[in-house]
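**Student:** Work out the full structure, taking the sequences as your base and the hints as a guide.
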Amino acid sequence: MARDTEDLEAIRLDLRAQVDQLADERQQYLEFFERSPEAYLVTEADGTICAANGAAVDILQRRKHHLRGKPFAALIALERRREFRRRLRALLARAVDAQGSWRTIIESPELRTEVTLTGRPIDRAGTVSGICWRLEALT
Amino acid sequence: MNSGNSPEWLLTTVSAVRDLMIKRLEAESLDGDAKREMEMALEELDVMWEELQGQAALLVREKERYAEFFEYAPDAYLITDAGGSIREANQAALEFLNAPRDAVVGHSLSQYVAPEDRVNFLARAVWRTRLQPREREALAAEFSVRAIPLKKSGVAGLCWLMRPIKD
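Going down the list, the sequences are from chains A and B.
Letter by letter, the first sequence follows residues 1 to 139 in the working numbering.
Letter by letter, the second sequence follows residues 1 to 167 in the working numbering.
It should be emphasised that the hints constitute simulated quantities derived from the structure, not laboratory data.
A hint or two may mislead.
[As the list claims (entries may be wrong)] Interface residues of chain B toward chain A, partial, derived using beta-carbon atoms under 10 Å:
1) Leu59
2) Lys63
3) Tyr66
4) Phe69
5) Phe70
6) Glu71
7) Tyr72
8) Asp75
9) Ala140
10) Ser144
11) Ile148
12) Leu161
The beta carbon of each residue, even a glycine, is placed where N, CA and C say it ideally should be.
**Tutor:** Okay, structure coming up:
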């Protein structure tokens, strides 16, 4: 019985150590993302927002938890959405000119902000699984 | 950037201990108290395993998501240790330096600064210098840097953002 208890404790400690290591690695990347002075946003391939860092939240003027799951296109001024979708399709197709930056307008209930938007596809096993975006406010 | 933490061997060990415990439970030699203790230990093992598997799966997903962001960020990033040795480089950085990962990671950052700029490079908080990509002409670039903990070792490292300076 004592032997079983020892085995159980050893397994528990091994598992704990692995989970702790994973947590440390996650924390490093999380800090890199969250504490970046650059404004970054990550979307799924269809443009749905999955993460926005603090600097991006400042530009988008919305609460972070309201951003997650929202289509990025919904934050773009109505008259610029067609262009946004065209650029998104080009990024998904990895078109040669798709990785350049372009100017667009972010619209929140309170204000309109002109930004430069740069997107880069996230490659997962050869397919585009999402887009990393950088936002630079021009005002 | 790989997860490299598959707990498969642990799953095998847990399963082996579990099987052993079940066999002992079935043995006629166990008295009532020992049997109850064994049943409780078995229950504890199952619950512990499920909980840790759940935590690990969540952490793996989150780590991969943020690691993917680092790898495919629209900006070129390098992470170095305090001595300037490059520990990680993302895709944009490899393109910027025109070099494969194994020619960047483990090498000194100053190796990619134009030789005549190397002395001045280490003396500034925002660096404007000439970057020396492999097999290409040097080009003007701006570096900005912030502290970031290095994973596993936990010591301080530096996260470098590199951007070309446009005319």
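**Student:** Taking the hints in turn, state whether each one holds.
**Tutor:** Hints and how they fare:
Of the supplied interface hints, the one on leucine 59/B holds, with its beta-carbon coming within about 4 Å of a beta-carbon of chain A, less than 10 Å. Interface hint status for lysine 63/B: upheld, as the beta-carbon distance to the closest one in chain A is roughly 4 Å, under 10 Å. Among the interface hints, the one on tyrosine 66/B holds; its C-beta lies about 3 Å from the nearest C-beta in chain A, closer than the 10 Å criterion. With its C-beta approaching chain A no nearer than about 5 Å, phenylalanine 69/B sits inside the 10 Å limit, and its interface hint holds.
Interface restraint check for phenylalanine 70/B: the shortest CB-CB distance to chain A comes to about 6 Å, inside 10 Å, so the restraint holds. Interface hint at glutamate 71/B: satisfied, since its Cβ lies 8 Å from the closest Cβ of chain A, which is below the 10 Å cut-off. Because the beta carbon of tyrosine 72/B sits about 4 Å from the nearest beta carbon in chain A, less than 10 Å, this interface hint is met. The interface hint given for aspartate 75/B holds, since its Cβ lies 6 Å from the closest Cβ of chain A, which is under the 10 Å cut-off.
Taking 10 Å as the C-beta cut-off, the interface hint given for alanine 140/B is violated, the closest approach to chain A being about 18 Å. The interface hint given for serine 144/B holds, since its Cβ lies 8 Å from the closest Cβ of chain A, which is under the 10 Å cut-off. At its closest, the beta carbon of isoleucine 148/B sits 6 Å from a beta carbon of chain A; the interface hint therefore holds under the 10 Å criterion. Satisfaction of the interface hint for leucine 161/B is found here, the shortest Cβ-Cβ separation to chain A being roughly 7 Å, below the 10 Å cut-off.
Taken one by one, the earlier hints fail for this structure only at number 9.
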